[in-house]
Amino acid sequence: MLAAYKGIYSAGRRAEHTPDGQRKPIIAPFATEPLLSRMLRGIVALRVGGRFTWGMPVFHPFDIKIEGQKATLHDCQDNRNSGQMDEKTSKRVLHGSENTHLVATLLLVEGAWKVSTLEHVREACSAGS
1 MLAAYKGIYS
11 AGRRAEHTPD
21 GQRKPIIAPF
31 ATEPLLSRML
41 RGIVALRVGG
51 RFTWGMPVFH
61 PFDIKIEGQK
71 ATLHDCQDNR
81 NSGQMDEKTS
91 KRVLHGSENT
101 HLVATLLLVE
111 GAWKVSTLEH
121 VREACSAGS
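Numbered per our numbering, the sequence shown spans residues 1 to 129.
Source of the hints: derived by calculation from the structure; they are not laboratory data.
Hints are supplied without guarantee of correctness; some may be wrong.
What the hints assert, rightly or not - Cut-off 25 Å, straight-line C-alpha distance, at most; resulting in silico cross-link-like pairs (PhoX-like, lysine-lysine): (1) K24 x K70; (2) K6 x K70; (3) K65 x K6; (4) K6 x K24.
Said to hold, decoys possible - Pairwise CB distance ranges (calculated): (5) Q69 x K91: 40 to 50 Å; (6) L94 x F59: 30 to 40 Å; (7) K65 x D20: 31 to 41 Å; (8) L2 x K88: 31 to 41 Å; (9) G68 x V48: 36 to 46 Å.
Note that the coordinates shown come from a computational prediction; the quantities given were computed from them, not determined experimentally.
Glycine included, every Cβ here is placed at the ideal spot set by N, Cα and C.
Could you put together the complete structure from these sequences and hints?
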């Protein structure tokens with residue numbers, strides 16, 4: 001389950017550098033609806049704006065709950081070494097922050113965990129949560 005959660009980040013980065021029609025097969029092993037479509041739309045918007053992401057978050061998952069074919073996890077990500085970069089200048093234009101609190105819902109789909117939703121929450125977290 002954690003592999004699927006972490007996998008959406010690297011898959012998303014790979015998909016950003018892939019032509020439009022070839023992105024879904026890269027992300028689909030890690031994400032299901034509604035997140036799958038949301039990620040695909042987000043990549044289009046990012047690329048139209050002449051940007052792509054750089055770096056990877058440091059994951060700090062906590063409060064993991066599995067109930068049958070559904071799971072939730074909280075993550076207190078450190079995103080200080082990730083963000084957005086301008087495609088033409090390669091200048092880093094956005095940086096993430098420390099202690100970004102995310103909540104993911106994962107579903108067991110045909111024997112594989114896939115992230116269904118990923119939401120940023122305002123509730124504070126710390127890496128030791």
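Against the structure, the hints:
For a cut-off of 25 Å, the pair hint linking K24 to K70 stands: about 22 Å separates their Cα positions. Under the criterion of a C-alpha separation no larger than 25 Å, the hint pairing K6 with K70 is consistent with the structure, at around 17 Å. A hinted pair counts as satisfied when its Cα atoms are at most 25 Å apart, and K65 with K6 qualifies at roughly 16 Å. Between K6 and K24 the CA atoms are separated by roughly 17 Å; this keeps the pair inside 25 Å, and the hint holds.
The hinted range of 40 to 50 Å is satisfied by Q69 and K91, whose Cβ atoms lie roughly 44 Å apart. Distance hint for L94 and F59: a CB-CB separation of about 20 Å, inconsistent with the stated range 30 to 40 Å. A hinted range of 31 to 41 Å for the beta carbons of K65 and D20 is consistent with their spacing of about 36 Å. Distance hint check for L2 and K88: the Cβ-Cβ separation is about 36 Å, which falls inside the suggested range of 31 to 41 Å.
Under the hint 36 to 46 Å, the C-beta atoms of G68 and V48, about 40 Å apart, fit the expected range.
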